[in-house]
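Enquirer: For the protein sequence lines, the chains are A and B, in the order given.
Position one of the first sequence corresponds to residue -1 (my numbering), numbered consecutively onward.
Position one of the second sequence corresponds to residue -1 (my numbering), numbered consecutively onward.
If you're looking for bench data, these hints aren't it; they were derived computationally from the structure.
Treat each hint with caution, since some may be false.
It does not matter which identical chain is meant; a pair holds if it fits inside one copy or across any two.
With a straight-line cut-off of 30 Å between C-alpha atoms, the simulated DSS-like cross-links for lysine-lysine are [as the list claims (entries may be wrong)]:
no. : residue 1 : residue 2
1   : K231      : K590
2   : K197      : K461
3   : K74       : K320
4   : K320      : K537
5   : K461      : K537
6   : K546      : K231
7   : K571      : K462
8   : K197      : K537
9   : K234      : K546
10  : K113      : K537
11  : K590      : K234
12  : K188      : K84
Chain by chain, the residues:
Protein chains: 2
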Amino acid sequence: MSTAAVDPKKSDPLYRLRHSLAHIMAQAILEVRPKAKLAFGPPVEFGFYYDFDFGGEPLGEAELTDIENRMRRIVKEKQPFVQSFKSLDEAVDLLEKSDQDYKVEYARELVETGKAGDEGLGFYTNGPFTDMCEGPHLSHTGEVPKGCFKLDRISGAYWRGDEKRPMLSRVYGLAFPSKEELEDYIQRRKLAQERDHRKLGNELDLFFMDEDVGVGLPLWMPNGAVIREELEKWAKEVEFRAGYQRVSTPSITRAQLYHTSGHLPYYAESMYPPMTVDENDEYYLRPMNCPHHHKIYGVRPRSHRDLPLRLAEYGNTYRYEKHGSLAGLLRVRAMCMNDAHIYCTPEQVEQEFRAVMDMYSMYYSHLRMGNFRVRLSLHDSNSDKFIGNAAEWERSEAIVRDVLKNLGIEFEEESGEAAFYGPKVDIQVKNLLGREETVSTCQLDFVVAERFDLEYTDADGQKKRPYILHRAPLSTHERMISFLIEFYGGAFPTWMAPIQVQIVPVNDTVLDYAQEIEQRLRNDLFRIQIDSSDESFNKKIRTAVTHKIPNIWILGNKEKEQRNITWRRYCSKLQQTVPLDHAAHALERLRKERMMDNFEDVALPVGG
Amino acid sequence: MSTAAVDPKKSDPLYRLRHSLAHIMAQAILEVRPKAKLAFGPPVEFGFYYDFDFGGEPLGEAELTDIENRMRRIVKEKQPFVQSFKSLDEAVDLLEKSDQDYKVEYARELVETGKAGDEGLGFYTNGPFTDMCEGPHLSHTGEVPKGCFKLDRISGAYWRGDEKRPMLSRVYGLAFPSKEELEDYIQRRKLAQERDHRKLGNELDLFFMDEDVGVGLPLWMPNGAVIREELEKWAKEVEFRAGYQRVSTPSITRAQLYHTSGHLPYYAESMYPPMTVDENDEYYLRPMNCPHHHKIYGVRPRSHRDLPLRLAEYGNTYRYEKHGSLAGLLRVRAMCMNDAHIYCTPEQVEQEFRAVMDMYSMYYSHLRMGNFRVRLSLHDSNSDKFIGNAAEWERSEAIVRDVLKNLGIEFEEESGEAAFYGPKVDIQVKNLLGREETVSTCQLDFVVAERFDLEYTDADGQKKRPYILHRAPLSTHERMISFLIEFYGGAFPTWMAPIQVQIVPVNDTVLDYAQEIEQRLRNDLFRIQIDSSDESFNKKIRTAVTHKIPNIWILGNKEKEQRNITWRRYCSKLQQTVPLDHAAHALERLRKERMMDNFEDVALPVGG
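Let the sequences and hints guide you as you build the complete structure.
Expert: Pasting the structure below:
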């Protein structure tokens, strides 16, 4: 969970509430640890924290309830927050009196770096508590709404984030405008923790990282590899029917390619260092697939009759993300992207963009990822980050805007968020905590054809530059699957599930029937297994549920005699006994139609 | 074509024949270029060559017929080959008389390096021609069989292979024990040239290499990517039914992994140089997948009940092959391997090895690659290259040998060809010229489990080391497809063909019918296209044949009326008119059963 300081929109009432609560908490803590030294105590996303040096008397989490009670008392006392200003000497004098060394250091720094205001160093006092602080705060402690905060946990943090400086104790509190919002957040956080893709990834044997291989480089175990394969198979079918052609290109290249594309030197810091055979022969891991695809476009003369040319590849790419920014599958160093580049004429670009956006809608609605926002990212004419002339930008942005409008897609525009080579559409997905991430983008590129000298011969015999769409609706496997794990809580629909059917034989006499079924379905490429352990029936059911297997087929003597199976669904106690043939047929439909039977409203396609 | 010197099995009559022909050719050439200076003239695979410095009077290929005629005259003259020996002074004297500078240089070198024999420098004389040479030769020129040789071509070559020394003219001749064998070779070479996978790879838009990306790093165009995908799909089905589980792992790793595996430092020269983030954090492109898979085995405690564990991955690997050894797709720097590792108990190893060999047989017989030899590669107890004790080697080699015998597979044993960690079976395939390449191997590994500390808990509660099988029956995509292109001459069976059906409409009025068929089949994921160009009917047929498309569906008014199609097969003039539904059904069978309909004996599955 991020502890980055909240953007100090100090006019924001929530900022003032959280900031004031940090003071109130410090005041309460000083009541029980009068010798504690204060460091920083800012408002943050979801609440606030304060860093303390407790010397030899650390605070335990068990004491937080007592602190909370003291805070509530302070709130009841409606202590006014009073601002004052002091000169450096006055400030140091005051702070040294109470041995506040960290504050003294910071006061000196503020003055030395000219960050203290004209009036001097700001202080806020409420009741007996005074803290050096810029504010703003509530008028008085009584403005804290009832039940709106909760102390959360204690962790370690270095003074000034510097591991050579003292280790402090950071006490976190949650705070929201109302009790309801606080409770809602705690509820959502609990769910998010249960569904954390790193936790489920481990419990369900989906993936892991290994120190010897390297951080940010996931190794996918069989269960996780299944999910990748199923997404990939789906994408390949969808893209085939939409007229895409697949290519396959190496994940490395000589440096020359990136001098052409412009990745070198500008993108170098996000790339792995080069492999240097000699000074004229350096190889790089690719951070993206585009330049390789442009080479395929360029290897043959192209006519307008060949366009649109849609080159697709689930391409392996590598980016050297900073260690600190790595986060499970969400931000990794090795990723496999649902990539494609569409080369088209100016006349075709609108239709192609529309088809791509339709494909996005289809994917997201099928996967039931409704919780997203579409952002149209535009250039900023005041920035020098964007290549190309104003007219080109106008035209490209208008194309994208019109397509979104005509499709009835709601979107928000944001200046300065475009790619350097053209406008893009970002699909912004919210996770369970409501935090937004870009899951995928679709970009319109009117610049790179020039860099790679890509052209086509038009009907009039003229050589022209193609437009290029970069699109990756299913994102990278890593990012998409991190979302899916959390959205589905690890319970995947039958078509994606690592194990699709768990057969639970009630006794050994039906084992032959179980094996017959297993063999038949396995031959039809279904992922099926028999639980032939010595465990009790109930234990076997629990095992299947723990592994979030969507379908349990229970076989007893009666089922064997009548060639039926008794079908029980994940997390449901309803059972249904159906002929084996019907069951197999239903399973086939679940797979073929990629039914989202992990949602309750999707009925099992069992029938005559 | 290799020009490496033939292994000087000097007792080999073919060696003597080819060597003598080199002299006879030199003698003939000196008749027309008396000032030519001789360099080296060895026998080589398929014949012989001689290097000349022609000064200002280069020899043209048009003159080779005249030279051949002169050679035939020399043969008729039955000139005896007579050996003599000379001291360095005598030799230099003789050679300087005829300005043979290169020979003088070499004579001095032989003496200086002690390579001249005790008797002095050897010379052979036939008729008026004398050459410094070790022999051996035929008794006389008349022993050259009639019609057994042919002068082939002239190319450039540096003296001593050193690009700082003079460029010479190399005149090549072909020579075989008989006229028939020569003609057979020429015939096969013509076929091999027509079917060269680099030539067909370009003509059929399968793949290419690009200087900016790097040599040995193929980029697969859509037509080539189809073949990869189809092989991969097949392998995945076969492996799923055989109880394999798929994994997915990154193509890079920190150096630590290879210190554990032993690849570093021993294998380093075949690897790309490292990517150095800092001295404690070096990353390598992986040359093989095994260590990554071992990490997956090791991430969970394993029980004997989990074994055999079969982990499969079409894994991308990278090897820094020397520039000179790169050869189209046959030897590349980026490859994708049909890899899997089977972890099993000692009791299971025989059965698993047998199942793997069965899978090999199935693949090769299905693909009709009958032209292979099985080699059992054993350790050499006199070499220190092999890890593990003698008893382990005995046991492992016996297992593999017995499996091959019991399966009735013919094989040859070869000492010293094993992997350092265990015996292996090599599948040796001959190309059209009869040259043998290892297409894939299956290895039994009893060493690496120790290095990676891999273990399982046996039924008796003891921790034990698993055996590991390394297997890749379908080789790398690159190598396998290079063979398939040449074997099939680029004419792939329907299931692998980039375009499976070309629709040829006879006129525009049937275009709607053509489009209806295209849409229906494309929706069923068939690769189908309509030739709607303005070309003539015959030109359209020729185009489809040039692209080696296996099926042409011809549509005329009558076909449209009766909802038929007229089916014409690649390189066949037979046509068959069948109902569209039957045709679609037949196509489905060709694909589903992966029928090898590029062979004449496979009939089209058209029927009621």
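Enquirer: Work down the list of hints and note, for each, if the structure agrees.
Expert: Each hint tested on the structure:
no.	hint	result
1	K231 / K590	both (11 Å within a copy, 17 Å between copies)
2	K197 / K461	between (55 Å within a copy, 28 Å between copies)
3	K74 / K320	neither (46 Å within a copy, 80 Å between copies)
4	K320 / K537	neither (44 Å within a copy, 59 Å between copies)
5	K461 / K537	between (70 Å within a copy, 27 Å between copies)
6	K546 / K231	both (22 Å within a copy, 27 Å between copies)
7	K571 / K462	neither (64 Å within a copy, 42 Å between copies)
8	K197 / K537	within (23 Å within a copy, 62 Å between copies)
9	K234 / K546	both (27 Å within a copy, 25 Å between copies)
10	K113 / K537	neither (65 Å within a copy, 82 Å between copies)
11	K590 / K234	both (14 Å within a copy, 18 Å between copies)
12	K188 / K84	neither (45 Å within a copy, 96 Å between copies)
Hint compliance for this structure: hints 3, 4, 7, 10, 12 are broken, all remaining hints hold.
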